[in-house]
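Chemist: Whole structure, please, built from the sequences with the hints as guidance.
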Amino acid sequence: MKTVATADRETTEAVEGVSVTVLASGEAMNVQAFTIDSGASVPAHSHHHEQAGYLFAGHATFVLDDEEHEVGPEGSYAIPADEAHAVENRGDAIVRGVECFSPPRPRPNWMD
1 MKTVATADRE TTEAVEGVSV TVLASGEAMN VQAFTIDSGA SVPAHSHHHE
51 QAGYLFAGHA TFVLDDEEHE VGPEGSYAIP ADEAHAVENR GDAIVRGVEC
101 FSPPRPRPNW MD
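Quick note: the sequence shown, position 90, residue 90 per the UniProt record's numbering, numbers continuous.
Read the hints as simulated data drawn from the structure, not as lab findings. Each hint should be verified, as a subset may be incorrect.
[As the list claims (entries may be wrong)] In silico SDA-like cross-links for lysine to any residue, where the CA-CA straight-line distance does not exceed 20 Å: (1) Lys2 - Ala24; (2) Lys2 - Asp37; (3) Lys2 - Ala84; (4) Lys2 - Ala44; (5) Lys2 - Ala28; (6) Lys2 - Asn30; (7) Lys2 - Ser25; (8) Lys2 - Leu23; (9) Lys2 - Ser102; (10) Lys2 - Pro104; (11) Lys2 - Pro103; (12) Lys2 - Ala33; (13) Lys2 - Pro106; (14) Lys2 - Gly26; (15) Lys2 - Val31; (16) Lys2 - Val98.
Modeler: Structural data, given as structure tokens:
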């Protein structure tokens, strides 16, 4: 079993107003915590990682193929690998959640 001490976790600003912390990584997946400030957004991008997440707080608007999907607190989502997507925080509250990536996405930068 691999463990990660809180002090060993590094938080990175992936894009302006969006922070990511890798919580744990394994051979086939990893788990990241993230925050998205009010008014911040992640530009459209795609990656070879399957992505699934859960929001604890705030409301996020995901845009896939020009279709918007609103996810609120206690909401979850899954995005297939290689599917272009963007996300925006259009609300007043900070979005807080966790995501799993498979295969692992060790660099917490949405633009890689």
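Chemist: State for each hint whether it applies.
Modeler: Comparing the hints with the structure gives:
1. For the proposed pair lysine 2 and alanine 24, the alpha carbon gap of about 8 Å is at most 20 Å, so the pair holds.
2. Among the hinted pairs, lysine 2 with aspartate 37 is inconsistent with the structure: their alpha-carbon atoms are about 31 Å apart, more than 20 Å.
3. For the suggested pair lysine 2 and alanine 84, the alpha carbons sit about 32 Å apart, so the restraint of at most 20 Å is broken.
4. The hinted pair formed by lysine 2 and alanine 44 fails the criterion: a straight-line CA distance of about 33 Å is larger than 20 Å.
5. Straight-line distance between C-alpha atoms of lysine 2 and alanine 28 comes to about 13 Å, which keeps the hinted pair within the 20 Å bound.
6. Distance hint between lysine 2 and asparagine 30 is fulfilled; the C-alpha atoms sit about 12 Å from each other, no more than 20 Å.
7. For the given pair, lysine 2 sits about 8 Å from serine 25 by alpha-carbon distance, which is consistent with the 20 Å threshold.
8. About 11 Å separates the Cα atoms of lysine 2 and leucine 23, which keeps this hinted pair within 20 Å; it holds.
9. In summary, the hint linking lysine 2 to serine 102 is supported, as the alpha carbons are separated by about 17 Å, within the 20 Å threshold.
10. Taking the CA atoms of lysine 2 and proline 104, the gap is near 15 Å; set against the 20 Å cutoff, the hint holds.
11. Simply put, lysine 2 and proline 103 have alpha-carbon atoms about 17 Å apart, close enough for the 20 Å limit, and the pair holds.
12. Distance check on the hinted pair: lysine 2 and alanine 33 sit about 18 Å apart at the alpha-carbon level, within 20 Å; holds.
13. Simply put, lysine 2 and proline 106 have alpha-carbon atoms about 15 Å apart, close enough for the 20 Å limit, and the pair holds.
14. Restraint check for lysine 2 and glycine 26: the C-alpha separation of about 8 Å stays at or below 20 Å, so the hint holds.
15. As the CA atoms of lysine 2 and valine 31 are separated by approximately 13 Å, the hinted pair is consistent with the 20 Å bound.
16. Of the pairs offered as hints, the one joining lysine 2 and valine 98 holds, with about 19 Å between alpha carbons and a cut-off of 20 Å not exceeded.
Comparing the model with each numbered hint stated earlier shows that hints 2, 3 and 4 do not hold.
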